[in-house]
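Those sequence lines, one after another, are chains Y, B, E, C, F and S. For the first sequence, position 106 (counting from the first letter as 1) is numbered 122 according to this note's numbering, and the numbering increases by one without interruption. For the second sequence, position 65 (counting from the first letter as 1) is numbered 81 according to this note's numbering, and the numbering increases by one without interruption. For the third sequence, position 50 (counting from the first letter as 1) is numbered 66 according to this note's numbering, and the numbering increases by one without interruption. For the fourth sequence, position 38 (counting from the first letter as 1) is numbered 54 according to this note's numbering, and the numbering increases by one without interruption. For the fifth sequence, position 2 (counting from the first letter as 1) is numbered 18 according to this note's numbering, and the numbering increases by one without interruption. For the sixth sequence, position 122 (counting from the first letter as 1) is numbered 138 according to this note's numbering, and the numbering increases by one without interruption.
No lab work stands behind these hints: they were computed from the structure. Be careful, since some hints might not be right.
[To be verified] Cut-off 25 Å, straight-line C-alpha distance, at most; resulting in silico cross-link-like pairs (PhoX-like, lysine-lysine):
hint	chain 1	residue 1	chain 2	residue 2
1	E	K44	E	K59
2	E	K38	E	K97
3	E	K44	C	K44
4	S	K38	F	K38
6 protein chains.
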Amino acid sequence: MMAKLLDVGAFDVYFTPIQMKKNRPATKLSVLGNPQARELLTKIILAETSTVGVRYQTWQRTIMKRHFIVVQTAFGPVHLKVASYGDLEKKTPEYADCARLAQAANIPLMTVYQAALAAAGQTSKEK
Amino acid sequence: MMAKLLDVGAFDVYFTPIQMKKNRPATKLSVLGNPQARELLTKIILAETSTVGVRYQTWQRTIMKRHFIVVQTAFGPVHLKVASYGDLEKKTPEYADCARLAQAANIPLMTVYQAALAAAGQTSKEK
Amino acid sequence: MMAKLLDVGAFDVYFTPIQMKKNRPATKLSVLGNPQARELLTKIILAETSTVGVRYQTWQRTIMKRHFIVVQTAFGPVHLKVASYGDLEKKTPEYADCARLAQAANIPLMTVYQAALAAAGQTSKEK
Amino acid sequence: MMAKLLDVGAFDVYFTPIQMKKNRPATKLSVLGNPQARELLTKIILAETSTVGVRYQTWQRTIMKRHFIVVQTAFGPVHLKVASYGDLEKKTPEYADCARLAQAANIPLMTVYQAALAAAGQTSKEK
Amino acid sequence: MMAKLLDVGAFDVYFTPIQMKKNRPATKLSVLGNPQARELLTKIILAETSTVGVRYQTWQRTIMKRHFIVVQTAFGPVHLKVASYGDLEKKTPEYADCARLAQAANIPLMTVYQAALAAAGQTSKEK
Amino acid sequence: MMAKLLDVGAFDVYFTPIQMKKNRPATKLSVLGNPQARELLTKIILAETSTVGVRYQTWQRTIMKRHFIVVQTAFGPVHLKVASYGDLEKKTPEYADCARLAQAANIPLMTVYQAALAAAGQTSKEK
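Throw the hints in and build the complete structure from the sequences for me.
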């Protein structure tokens, strides 16, 4: 169901544990998407879950600008997502790259992740 | 408190575990109701909980149409809620019926529940 | 980060455990503040967390009126927050006062807390 | 199901929200009971839930001694549970009493609850 | 990380949201496995997460006996897991089968799921 | 209460949101400590919370060896905790150092954190 929602263009899908009446533990499904996708997302939710109703609200958003860079590590090249907002900049190594290189080198994913961050830090200083 | 809110017309009431400042674990109370019931629901919440404030928002909703059918099982008749939206239809055995028949027959509730679903499936094919 | 948000005027900050796509457990950050503080709060959130986006919504609120009273307990004076809404009134002993007196007297915090409530109850009857 | 477990002697039953493999939000059921009740509790859990397995462990416990007292409030008499351990003593007004008196007087439950605590505090000082 | 743990033989892996000291929201990782796999599972956890320690305990288990049956639905054949314990028997349609048939017929997964349960109920009565 | 438990030697203290009988949302308190501290920790828990009972279990542990190193960043020196187990090694910048330097330089904590990781990565290669 989560996959179907993301396939048709949901920005994000997440679950929140809640406690309902009659002592029932339950899970709240939250889906973020374009207003244009509302009808389609609603149909999927009603078809694929046991719920009989969906609620909507409009949110505003501030999203950081994003682009990708590549850094070289001892284990191979890793993409980093660079997110910027004004003079703020954050770099995040791509999970898939780190996982692939970690598996190839038979080392922990975190080692590759930190190597990518370190390489990106070096790059920054060179600017 | 949950009972009072439902008594005066809240559509739904649920709790979400949250973590507040000063390291305090807490519970967020969410109440869904008609805008006309807002003042009454607010008073109950302020009176019956330790909170000193309530926040409101207006939501839109899509609710499936609902009616009830009865199916015969080996354990007795069971109501099912039939929810429909366009050509989508979902059937859910009523919990109270299943619980009562299960207790009478001294069998698990799930056995009655599945028997009701099976009976409803048969009914569907006959249409 | 929570401290920074509260420092610049957030009314409240809380975390909700959620479950995101790709099987990732996560935490949703919720910040309540004045619309005027929106840009400042956004910058802090983007700078101090790993998120790349922030969503906003306007809420209405009903807040109880609040003032403080002091009651005498066997352990010393304790402030109580008195919250009122129409003819509803709630009294809550101040945590910091109770904690300080409890530590000084080497007794459980709850003993001081209940003593303060008892003293406040007496006060009420005298009105 | 919770009711059935408590009926046959479970000391306590509670749910914990968890996140399982394959991105499934789930609920962990925890049941505390006597070792002698283990087989019976297991059968109920397997019959009434969708789980196919149950895990067990032995715990030790420290339980406070408990007895009940009655205090007079402006709204009527309220039982309090008095729990003691060494020289530590805690008093908790009985929820059912407070709820009944609150409903009868058409006042918030918390008002009765705090009145009972206040009355118990008075009683303590008289000792 | 979850995938690695399951690959080397963990019976189950799940996350629980917790709240740690210093106001930090966190996630507790629980892994169930054979005592023989303990060292291997420990290494993976220490390598792939940010934790610096792992705790262990031995649990006993009651597991229902399981076998598979196939039922015919209007959408195609579906496997059901049949779990039994004494005279208790539970049938659960296989998720993967239902998902595949639902996608092929372009219908909700729940429709296939309920059809499989209905078919299994019919089968039961014929015994 | 959390502070008191840590003061007397608890290794760790955490909260888990749970759902109890009678529809009550609740919080489970977990405390890890030496068996010798058991009586003292129990007294604090019983005195400072509303619970009337405490349960115990013995766990085994694998803890990584830990020592500290200092790295130089553009913002000042940062301690890193180096945890090792066999040939596995993980480095984590100390939160307090990063927070202090970030505040002094008026920059996001994450910038200092990543700079420390980058510096530590450089150090590693030089070995």
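Structure-inconsistent hints, enumerated in ascending order: The structure conflicts with hints 2 and 4, although it agrees with all the remaining ones.
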